[in-house]
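Residue numbers (the numbering used here): 79 to 195.
Keep in mind the hints are simulated off the structure, nothing from the lab. Honestly, I wouldn't trust all of these hints.
[Said to hold, decoys possible] Derived EDC-like pairs: lysine to aspartate or glutamate, alpha-carbon spacing no greater than 16 Å straight-line:
1) K89 to D111
2) K146 to E179
3) K176 to E166
4) K100 to D111
5) K102 to D185
6) K100 to E166
7) K160 to D111
8) K102 to E154
9) K100 to E154
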Amino acid sequence: MSDKPENPNYKRIWATVLLIPKGKVASYGQIADLAGLPGKARLVGRALGFAPKSIKVPWHRVINSQGKISFPIGSEHFEQQKGLLQTEQVVVLNGRIKLKEFQWQPDLSELLFKLEY
DNA sequence: TAAGTGACGGAGG
DNA sequence: GCCTCCGCCACTT
Numbered sequence: 079m080s081d082k083p084e085n086p087n088y089k090r091i092w093a094t095v096l097l098i099p100k101g102k103v104a105s106y107g108q109i110a111d112l113a114g115l116p117g118k119a120r121l122v123g124r125a126l127g128f129a130p131k132s133i134k135v136p137w138h139r140v141i142n143s144q145g146k147i148s149f150p151i152g153s154e155h156f157e158q159q160k161g162l163l164q165t166e167q168v169v170v171l172n173g174r175i176k177l178k179e180f181q182w183q184p185d186l187s188e189l190l191f192k193l194e195y
């Protein structure tokens, strides 16, 4: 059996993912940035893979920057993630999600709205 | 120590 | 929108 790696940044990543509101999604890179780990998107993916069930991290709300689910279409993981997202009213079409509609935009959304342009 | 791997991202075609 | 290439980084072999 292989021991599971314990990178201290994992907790930071899990905590950030927990902030994503229901019905919204965020990209791996976005989570990395918010967690104070810019450029470490791949680390986010790994962290989610090691996330203990006891923390109940909404891993399904994290997708790649292209707005797609990062599992092969049809795989067990893919179907599970798609199902969970649809449960939250997020539209998944061909493994794709319209970031324009469903991407989480913390605080900044309000600013952009006020600025008008 | 070097090479391979992957739940990534961005630029280009 | 799709694909390829390259840079990136933690971890494995």
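Hints, verified against the model:
{"no.": "1", "hint": "K89 to D111", "in the structure": "14 Å, holds"}
{"no.": "2", "hint": "K146 to E179", "in the structure": "14 Å, holds"}
{"no.": "3", "hint": "K176 to E166", "in the structure": "14 Å, holds"}
{"no.": "4", "hint": "K100 to D111", "in the structure": "20 Å, violated"}
{"no.": "5", "hint": "K102 to D185", "in the structure": "14 Å, holds"}
{"no.": "6", "hint": "K100 to E166", "in the structure": "6 Å, holds"}
{"no.": "7", "hint": "K160 to D111", "in the structure": "24 Å, violated"}
{"no.": "8", "hint": "K102 to E154", "in the structure": "22 Å, violated"}
{"no.": "9", "hint": "K100 to E154", "in the structure": "22 Å, violated"}
Of the numbered hints given earlier, the model fails hints 4, 7, 8, 9; all others are met.
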